[in-house]
Amino acid sequence: MVIKHKNIFETENAWSNADKLLLCLDTGSWRTERPVLDQAKCNYCGLCALYCPPQCMLDKGDHFESNLAYCKGCGICAHECPRGALTMVPEREFDNEG
Amino acid sequence: MKAKKGTVRVITGNAAAAHAAMLCRPDVATSYPITPMSEVAEQLSTFHAEGVMDTEMVEVEGENSAMNVVAAASMAGGRTFTATSSWGLVFMYDALLHAAGFRAPVVMAIANRETPGILAVSSGQQDIIATRDSGWIQIIVENDQEILDGIIMAFRLAEDYDIQLPVMVNYDGYYLSYLAEAVEIPRIEDVDQFLAPLKLQPPRLKLQPGVPLGCGTHGMDIGFMELRYKHCQALQRAKKKVDEIDTEFKEYFGRGYGGQIEEYRTEDAEIIILTSGSTAGTTRAVVDTKRAAGVKVGLVKLRLFRPFPVERLIKALKGKKAIGVIDRSIAYGWKGGPIYTELRTLLPEIGLVPMLSYIDGLASLDITVPHIERVVDEVNAAAQGKPYQEVTWIPLE
Amino acid sequence: MKEIRIHGRGGQGAVMAARMMASAFVAEGKYVASFPMYGFERRGAPVVAFTRIDDKPIREKTQIYNPDCLIVIDPGLLTLPTLFTGLRPESVFILNSPKKLSKRPNDNLKIGGVVNATGIAVQEIGRDIPNTCLLGAFAAATGWLELKSILACLKDYLSGDILQRNLKSAERGYKEVEVIKW
Chain A
0 MVIKHKNIFE TENAWSNADK LLLCLDTGSW RTERPVLDQA KCNYCGLCAL YCPPQCMLDK
60 GDHFESNLAY CKGCGICAHE CPRGALTMVP EREFDNEG
Chain B
0 MKAKKGTVRV ITGNAAAAHA AMLCRPDVAT SYPITPMSEV AEQLSTFHAE GVMDTEMVEV
60 EGENSAMNVV AAASMAGGRT FTATSSWGLV FMYDALLHAA GFRAPVVMAI ANRETPGILA
120 VSSGQQDIIA TRDSGWIQII VENDQEILDG IIMAFRLAED YDIQLPVMVN YDGYYLSYLA
180 EAVEIPRIED VDQFLAPLKL QPPRLKLQPG VPLGCGTHGM DIGFMELRYK HCQALQRAKK
240 KVDEIDTEFK EYFGRGYGGQ IEEYRTEDAE IIILTSGSTA GTTRAVVDTK RAAGVKVGLV
300 KLRLFRPFPV ERLIKALKGK KAIGVIDRSI AYGWKGGPIY TELRTLLPEI GLVPMLSYID
360 GLASLDITVP HIERVVDEVN AAAQGKPYQE VTWIPLE
Chain C
0 MKEIRIHGRG GQGAVMAARM MASAFVAEGK YVASFPMYGF ERRGAPVVAF TRIDDKPIRE
60 KTQIYNPDCL IVIDPGLLTL PTLFTGLRPE SVFILNSPKK LSKRPNDNLK IGGVVNATGI
120 AVQEIGRDIP NTCLLGAFAA ATGWLELKSI LACLKDYLSG DILQRNLKSA ERGYKEVEVI
180 KW
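Protein chains in written order, with numbering that gives the first Met the number 0: chain A, 0 to 97; chain B, 0 to 396; chain C, 0 to 181.
Everything hinted at is true.
Label-pair ranges, simulated between beta-carbon atoms:
hint : chain 1 : residue 1 : chain 2 : residue 2 : range
1    : A       : V35       : B       : K4        : 57 to 67 Å
2    : B       : K334      : C       : W181      : 45 to 55 Å
3    : C       : D53       : B       : C231      : 40 to 50 Å
4    : C       : L77       : B       : E250      : 50 to 60 Å
5    : A       : F8        : C       : L77       : 25 to 35 Å
6    : B       : E49       : A       : K59       : 48 to 58 Å
7    : B       : P32       : C       : T84       : 29 to 39 Å
8    : A       : F8        : B       : P211      : 54 to 64 Å
9    : A       : F8        : B       : T344      : 28 to 38 Å
10   : A       : R91       : C       : L79       : 19 to 29 Å
The hints are simulated quantities; they were obtained by calculation from the structure and are not laboratory data. Because the structure is a prediction, the values reported are computed rather than measured. Glycine included, C-beta positions come from ideal geometry on N, C-alpha and C.
Generate coordinates for the entire structure from the input sequences, incorporating the hints supplied.
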């Protein structure tokens, strides 16, 4: 059976629409540990959000939270936080449905 | 005299390449890691660290140096080995051309991967095509045992006095580089014996302190043409040499691969599928299934790509009613795949029969049994005079 | 020829499991071909390992679309929409899970083997590396491999204390797997 391919990319050349490519894969399921915030230590400086590689930090008005659907648990936010407000905690310690 | 049985171990294609290099006792080796062949570098380093391999392992900062080091060491008379893939291969491009121009008999293992321009960490044969005019001998293998045996034969070929050309042994990244199979690892004494005839040949010229020799220096006017001519003649001689070495290998180790090409069920075949690499393995199984269903199909597996095995291909394909070529790469500027485009030049000698080009398996996309069955069906229809599409990009249509 | 497909995540030892299984089958005189496919080569990302075994040399070098046996190392992967596609009739399903299988996941499955490999691995090895435990479970549920072949080949991949712990884990997988016949 001959199936004609329907183009995935809109442009002739190699450009792709990053809006559609960022934050769409199920990368949250790759995580083995997640960042947990001690809000008392946070001063809303935003460095965690700036450094987050997939840019998945959600602005909550007075602090940031990682978007767990996409957070891969890389730990960079915890490493960069100047106040040590973020700690990486193993996923095992959270109630996850299989 | 026959080789004794080796040790059977379950190893990956990359490990097989490293074992082969170790068994051939290279004087100098480099290996800069890159997916999907990093394990070759790791295994070579392990052999060296464990004292199994008495080789000068030079740690380099990139593939360009990796090739420069082994090409220079080769010109100083050493047996040399390196390994890389796609981006690494193109990073060493100028050194690659030097090795060939100097006639340095370097042996290199390549785990084939797509080439740059599009971020491609995936299997494909584009790196072979990107370097097909480098002046290197290029061989493509089908499974892990053939990687190991192919590299041993490559040393025998490269360093042969009549040849003195660098050799690339190519194997599919991911599909062969990471494939674990039971591989018979020959005894090192037997490999020594197999390579021993090289010692009986005249010694090749090499750089030595105090001996005034230049290399690749007279690159002007008629001298340049003379060198190019000699290089091309050596490449032509390599064809028969590949067959001879394969025959010797089979007599000694009990395993043969057909030399320049391997023909599977082709004698009474009406149609032929021509392909290379791991795809040839899958095609064998499809040929058997289709034969059982009454289709007179055979496989021609292309092992030697450079130099192109013109004479043996003509002999194998002459008189067939239609030919299908499966390429795992593209030929920029031509409609069909690279092996197809080159094979087409033999049509006057083969017979002006339908030749169909199939492009498949780019970016680790699988060349599956149904894909190959489709190729057989369409080539079969073409053989019977039905209209056919000259070029098909299988996953897209 | 039997085709086995192992689904796991990077870091759980799916690729190593396929290799160890290959060694064990070769030790029993079979021909084997086994390779992995990764999307992203990192911890946590899905990995599939394809293993073929046969009494004659294996020529096919493709991925596996019609498995005779499916081994799932991470229960989170059960939501994969194509997980059970193409399963051969009367095939086997091996699952790492602390919970029992409530129902037969697919009509083509004849045998199921469920074992809390994560739990056993954490107890015996101290880390969540369930692969060797699942190999034991695989041997018990399918009967295609003897436990002693698996135990014998582990030393080609591990040594010392870690080897002993994995031997224990594999043996417990063999003994404690709950085999269901549908």
